[in-house]
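Protein chains in written order, with this note's numbering: chain Z, 1 to 157; chain V, 1 to 157; chain H, 1 to 157.
Rather than coming from a laboratory, the hints here were simulated on the basis of the structure. Here a beta-carbon is modelled for each residue, glycine too, at the ideal position from N, C-alpha and C. Do not take every clue at face value.
[As the list claims (entries may be wrong)] Only pairs whose alpha carbons sit at most 25 angstroms apart, straight line, appear in this in silico DMTMM-like list of lysine to aspartate or glutamate:
1) K154(Z) x E155(V)
2) K154(H) x D33(Z)
3) K154(H) x D103(V)
4) K47(Z) x E117(Z)
5) K7(V) x E65(V)
6) K20(V) x E117(H)
7) K47(Z) x D33(V)
8) K47(H) x D103(Z)
[Claimed, not checked] Here are some chain V residues the structure puts well away from chain Z; computed CB gaps all over 10 angstroms:
9) K7
10) L8
11) A9
12) E17
13) K20
14) E45
15) V93
16) V95
17) D102
18) Q108
19) G120
20) G135
[Claimed, not checked] One-sided excerpt, in silico: chain H residues whose CB lies under 10 angstroms from chain Z:
21) G12
22) P27
23) M43
24) E45
25) P109
26) Q110
27) G124
28) V136
29) N137
30) P140
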Amino acid sequence: MLDVKAKLAAMGRTLPEPVKPVAVYVPVIQSGDLLVVSGQLPMREGKLLATGAVPSAASIDEANEAAAQCAVNVIAAIGAHLAGDWSRVLQIVRVGVFVQSDDGFGGQPQVANGASELLGEVFGESGRHARSAVGVNALPLNASVEVELMVRIKEAD
Amino acid sequence: MLDVKAKLAAMGRTLPEPVKPVAVYVPVIQSGDLLVVSGQLPMREGKLLATGAVPSAASIDEANEAAAQCAVNVIAAIGAHLAGDWSRVLQIVRVGVFVQSDDGFGGQPQVANGASELLGEVFGESGRHARSAVGVNALPLNASVEVELMVRIKEAD
Amino acid sequence: MLDVKAKLAAMGRTLPEPVKPVAVYVPVIQSGDLLVVSGQLPMREGKLLATGAVPSAASIDEANEAAAQCAVNVIAAIGAHLAGDWSRVLQIVRVGVFVQSDDGFGGQPQVANGASELLGEVFGESGRHARSAVGVNALPLNASVEVELMVRIKEAD
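Make the full structure from the sequences, and use the hints.
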């Protein structure tokens, strides 16, 4: 079994409790062998790691780390859906990264790499993915980054 | 059969004629058992319910209602594709909500709930979905909200 | 076999070398019979065709042509994945178009048509797709347009 908790610990990261399901939408939906994960914010212990636009209010480095935290939260959400068996992850298919950006800022890829690299470190070959990174002028709770995901899993035995 | 028209009527809403297909893209594409619905604007009787950025030009309440209208238009598009048999909807898989926002506005979830709650009321358990809500500085025709959807359906008998 | 190179040539366009895979993400991921193509920028011979916001820094016509170039680059990426056999493309399923926009600009559909029409010309019926076009205030490298794609293919014989 893929021990994601240990991998994250070795990277100095903690696997959080997954975000509680809310009434009107859910963190993860399964459709056939696809999981779609709702947009995740860079919450750590109940606080946003980075708020405001990049780079004026949050630096590229801060936003990169925030993107990594979004990815950690995505992993937690997937784990809750799969009862902790992340070895069922066949492929991270698509990663969408929204970066709250100053007008005309062009460094979204550097920010998004925080999420992409973490997924690669945790899932190896299965962590390779297609990606779209775009800038936006506003995100929920004024977060600097939001990450959404599509994952292919293998059916349970 | 799921009587979506009656459900909407009970909510005081009218099922519109679906938007006419245009030359270069279509309202709904089916790929296997997935339907992908093009981004829908909050059109009602040929007019946008809300235009401009939230909250300066359109209030959160107005935008929430506009998001609900987008969802109604999505439902109309799905119905046209399924020849009116919405009971073939197995699962609303993913809802993407773009909210035209003032810089740094963080209330996209409250706006997006207008779409999510309507889908839940109409489709019940099948209406639960993953969601990404983001802010943007511009949308087609200066609309305040745009909603896109991915849906899983069951094959026709 | 669908001769995409000839079709593009007849349109006065050149099929570029596909963008090289980078470390942390890849241009195309296959999941079952779905291909997901990473967001493509309007690169032509190593330069962006259009930068800055539409319409103040790049005109609608320039951005429309840039969107067409994004689509050409998407086609190149798909070709690299399919070893040049574009006849395996069953359906362009979804096209997402992000247009760097001045605040409140509402002409994203005219820009996005550059991509949609090119896909229709190249793939015919298989090129019909669902589409979402939105405005954003910033894109990677300050590009004026970014295009992402989901495609359904048939399995190799």
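Enumerated hints in conflict with the structure, sorted upward:
3, 7, 15, 16, 17, 18, 19, 20, 21, 23, 24, 25, 26, 27
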